[in-house]
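Novice: Let's have the full structure, built from the sequences with the hints guiding it.
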Amino acid sequence: HQEATATRIANLINKGAIWEKVWSQPLILSACRHVFQGDFKVSSLNAREALFNGGHQPLHADWKKPRHDFPKVHLVNTIWAIDDLSAENGAPRIIPGTHLRPELPEAVLDEPELAHPDEVVFAAPAGSVMIYNAHAWHGGTRNRVGSRRRVLHGLYIDRADTAQQD
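Just so you know, the sequence shown maps onto residues 2 to 167 in the working numbering.
Read the hints as simulated data drawn from the structure, not as lab findings.
As the structure is a prediction and not an experimental result, all values here were calculated from the model.
Each statement offered as a hint is correct.
Distance ranges between label pairs, derived from CB positions:
{"#": "1", "residue 1": "85", "residue 2": "28", "range": "18 to 28 Å"}
{"#": "2", "residue 1": "26", "residue 2": "98", "range": "20 to 30 Å"}
{"#": "3", "residue 1": "110", "residue 2": "151", "range": "23 to 33 Å"}
{"#": "4", "residue 1": "26", "residue 2": "149", "range": "18 to 28 Å"}
{"#": "5", "residue 1": "16", "residue 2": "119", "range": "34 to 44 Å"}
{"#": "6", "residue 1": "21", "residue 2": "108", "range": "36 to 46 Å"}
{"#": "7", "residue 1": "70", "residue 2": "147", "range": "37 to 47 Å"}
Where a beta carbon is used, it is the ideal one built from N, C-alpha and C, also for glycine.
Specialist: Here it is in structure tokens:
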């Protein structure tokens, strides 16, 4: 999807063999095997850059369907920091423990775009990777300083589910 305040590039998997080094990174695949406890596949690889004074997202989970099979894990996401990430330049935020809730944030929060008292900002140097159960509530924060804030999102999905990009 498109955002007015962020630059996105979708489907990097189809934009050259160099991207295979990202989605097939052995430590990431090992973590996915541990979380899924079963077969999985790559769903998508996209890039996102929060622009100056933009990039803020409401808290959301990447799985939008009802979780009748809760607590089954359908998605694991990775965020690769191309640039240093900070609270000032729009680093992602995540609410620990929300992957253990079957509800979506928009169903229980009056204003999911606001700061959450339990949020943790993924401030990290370039080259870092955050891997998380994508049922957890998360979102980008505002790039208040205008420095570059580029990330890659590598999304993995349960083998039985439909991938975001084929």
